[in-house]
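J.: As a plain string of letters, each chain reads:
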Amino acid sequence: MTVEETIPPQVSLLQDEKIIMRLQRRYASIFTSILSFIATGLLISLGSAIRELAQYAQSMEAYFWLFIYVIIIVFACFFALMAFVGYFYVRGHLYILTNRRIILFRKFITISVREIAYSEITDIIMNQGPIARILNYGSITPLSPGVRGFYAVPYPYMRRSTYSRVELKDVNQPLKVMNELFTLVRFHKSA
Amino acid sequence: MAEKTEGFSEGFHLFVPKEIVIAQNEKILMVLGRTYVSFVSIATVGLIVIAGAFLILNFAIPKENQWIMFPLALFFFAILPPLLYGLGYIYVKGHRYIITNERIIMFRKFIGILLRTVTHDKITDLIVNQGPIGRIFNYGRVSPITAGMIMPMGAAIFSLSGVRNPYEVRDSIAKLVKAKQPEGQ
Numbered sequence: 001m002t003v004e005e006t007i008p009p010q011v012s013l014l015q016d017e018k019i020i021m022r023l024q025r026r027y028a029s030i031f032t033s034i035l036s037f038i039a040t041g042l043l044i045s046l047g048s049a050i051r052e053l054a055q056y057a058q059s060m061e062a063y064f065w066l067f068i069y070v071i072i073i074v075f076a077c078f079f080a081l082m083a084f085v086g087y088f089y090v091r092g093h094l095y096i097l098t099n100r101r102i103i104l105f106r107k108f109i110t111i112s113v114r115e116i117a118y119s120e121i122t123d124i125i126m127n128q129g130p131i132a133r134i135l136n137y138g139s140i141t142p143l144s145p146g147v148r149g150f151y152a153v154p155y156p157y158m159r160r161s162t163y164s165r166v167e168l169k170d171v172n173q174p175l176k177v178m179n180e181l182f183t184l185v186r187f188h189k190s191a
Numbered sequence: 001m002a003e004k005t006e007g008f009s010e011g012f013h014l015f016v017p018k019e020i021v022i023a024q025n026e027k028i029l030m031v032l033g034r035t036y037v038s039f040v041s042i043a044t045v046g047l048i049v050i051a052g053a054f055l056i057l058n059f060a061i062p063k064e065n066q067w068i069m070f071p072l073a074l075f076f077f078a079i080l081p082p083l084l085y086g087l088g089y090i091y092v093k094g095h096r097y098i099i100t101n102e103r104i105i106m107f108r109k110f111i112g113i114l115l116r117t118v119t120h121d122k123i124t125d126l127i128v129n130q131g132p133i134g135r136i137f138n139y140g141r142v143s144p145i146t147a148g149m150i151m152p153m154g155a156a157i158f159s160l161s162g163v164r165n166p167y168e169v170r171d172s173i174a175k176l177v178k179a180k181q182p183e184g185q
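So the sequences go chain by chain: L and W. The first sequence begins at 1 in our numbering and counts up one residue at a time. The second sequence begins at 1 in our numbering and counts up one residue at a time.
Keep in mind that the hints were calculated from the coordinates and are not lab data. Be a bit skeptical, because a hint or two may be false.
[Claimed, not checked] Derived BS3-like pairs: lysine-lysine, alpha-carbon spacing no greater than 30 Å straight-line:
id: 1; chain 1: L; residue 1: Lys18; chain 2: W; residue 2: Lys175
id: 2; chain 1: L; residue 1: Lys107; chain 2: W; residue 2: Lys178
id: 3; chain 1: L; residue 1: Lys176; chain 2: W; residue 2: Lys109
id: 4; chain 1: L; residue 1: Lys189; chain 2: W; residue 2: Lys93
id: 5; chain 1: L; residue 1: Lys176; chain 2: L; residue 2: Lys18
id: 6; chain 1: W; residue 1: Lys93; chain 2: W; residue 2: Lys18
id: 7; chain 1: W; residue 1: Lys27; chain 2: W; residue 2: Lys180
id: 8; chain 1: L; residue 1: Lys189; chain 2: W; residue 2: Lys178
id: 9; chain 1: W; residue 1: Lys109; chain 2: W; residue 2: Lys18
id: 10; chain 1: L; residue 1: Lys18; chain 2: W; residue 2: Lys109
id: 11; chain 1: L; residue 1: Lys107; chain 2: W; residue 2: Lys180
id: 12; chain 1: W; residue 1: Lys63; chain 2: L; residue 2: Lys176
id: 13; chain 1: L; residue 1: Lys189; chain 2: L; residue 2: Lys176
id: 14; chain 1: W; residue 1: Lys63; chain 2: L; residue 2: Lys189
id: 15; chain 1: W; residue 1: Lys27; chain 2: W; residue 2: Lys109
id: 16; chain 1: L; residue 1: Lys189; chain 2: W; residue 2: Lys18
Note that the structure is a prediction, hence the values are computed from the model and not measured.
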């Protein structure tokens with residue numbers, strides 16, 4: 001199977017356009033997202049849960065263990081569900097670097113395609129979290145005059161849900177990809 | 001084809017991190033780091049605010065709960081400052097700003113890695129910010145703004161923070177920007 005055959009039908013290449021790199025999101029990245037989501041959920045709900053438990057202080061021990069079991073079961077089910085759904089979500093991401101442009105494709109329930117010409121790129125931002133550094137994946141955001149504002153902020157806690165549509169999210173060897181991207185931008189500038 | 005630059009760059013005392021790859025024919029003009037005093041000033045202001053809040057709490061808290069003040073004081077005044085200043089040192093050392101004849105590379109390695117690269121021809125504005133302490137110690141923040149950023153959110157983007165002689169750095173970048181951009185722009 002050639003590289004051209006593996007691209008989705010929603011993506012069409014121009015004449016003489018060649019694929020240089022075909023990237024996909026790493027499945028491992030979904031686990032860090034799930035864990036941070038669970039941690040946030042725990043932080044928000046823990047206070048009210050403890051207050052609720054405190055009302056039944058007489059039989060605290062029984063309620064405590066029930067609470068712990070419920071928490072474990074709920075989060076285990078949630079984790080399994082997210083890991084299953086996450087697999088298809090991650091598989092739906094495709095980033096194609098051609099000799100003319102970058103195509104960012106996401107197919108999961110909805111379809112989102114973004115194309116950006118190398119000549120329009122103003123900034124390239126690479127962001128790697130602590131776990132991503134260990135597993136060698138990271139996100140690369142090519143900014144253009146058309147994608148601005150909130151999307152430009154590289155800090156995870158300020159991201160919005162649509163952020164994933166403007167970045168090459170959680171790709172393998174991000175530093176290498178970034179350097180390749182810069183080389184392509186440089187080449188198009190001088191051409 | 002890109003070449004890897006490791007070790008000390010010619011004429012500079014600062015180390016170019018191994019994560020940064022310099023392209024062929026690209027020349028490093030300046031390697032800058034963040035000054036420790038820029039972090040110390042922010043951390044000190046934060047600690048002063050905490051001390052103020054602690055003082056208010058000390059007067060507001062009921063007598064029967066006064067015991068909590070000792071472990072809190074121990075944490076805020078004995079554990080937190082060395083931890084903050086120590087980690088701050090590593091945080092500051094993780095910053096590198098590399099100006100080449102083609103682009104500005106802003107690099108931060110602290111727990112994670114954040115890397116931003118901007119080519120000179122895409123820079124539209126240069127902003128220099130200096131706080132009161134920055135004015136005394138001659139450091140500041142130089143922000144290269146591009147069309148891809150929108151203010152005020154753009155101000156939060158990764159820039160050359162806490163660099164020495166910010167106006168000299170600004171002038172050096174401005175010269176490169178002028179040289180790279182077509183006439184009349």
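J.: Hint by hint, note whether the structure agrees.
T.: Consistency of the hints with the structure:
1. Lys18(L) / Lys175(W): 37 Å, violated
2. Lys107(L) / Lys178(W): Not OK: lysine 107(L) and lysine 178(W) at ~43 Å, beyond 30 Å, violated.
3. Lys176(L) / Lys109(W): It holds: about 17 Å lies between the C-alpha atoms, which stays within 30 Å.
4. Lys189(L) / Lys93(W): Between lysine 189(L) and lysine 93(W) the Cα gap is close to 33 Å, so the pair fails against 30 Å, i.e. violated.
5. Lys176(L) / Lys18(L): The given pair, whose Cα atoms are some 19 Å apart, holds under the 30 Å limit.
6. Lys93(W) / Lys18(W): 14 Å, holds
7. Lys27(W) / Lys180(W): Holds, at roughly 14 Å.
8. Lys189(L) / Lys178(W): 16 Å, holds
9. Lys109(W) / Lys18(W): 11 Å, holds
10. Lys18(L) / Lys109(W): Distance of about 35 Å is beyond 30 Å: violated.
11. Lys107(L) / Lys180(W): 40 Å, violated
12. Lys63(W) / Lys176(L): Not satisfied, since the Cα-Cα distance of roughly 61 Å exceeds 30 Å.
13. Lys189(L) / Lys176(L): 20 Å, holds
14. Lys63(W) / Lys189(L): Distance of about 70 Å is beyond 30 Å: violated.
15. Lys27(W) / Lys109(W): Measuring from Cα to Cα gives roughly 23 Å; hence the hint holds.
16. Lys189(L) / Lys18(W): Holds: lysine 189(L) and lysine 18(W) sit about 26 Å apart, inside 30 Å.
Hints 1, 2, 4, 10, 11, 12 and 14 from the list above are not met by this structure, while the remaining hints are.
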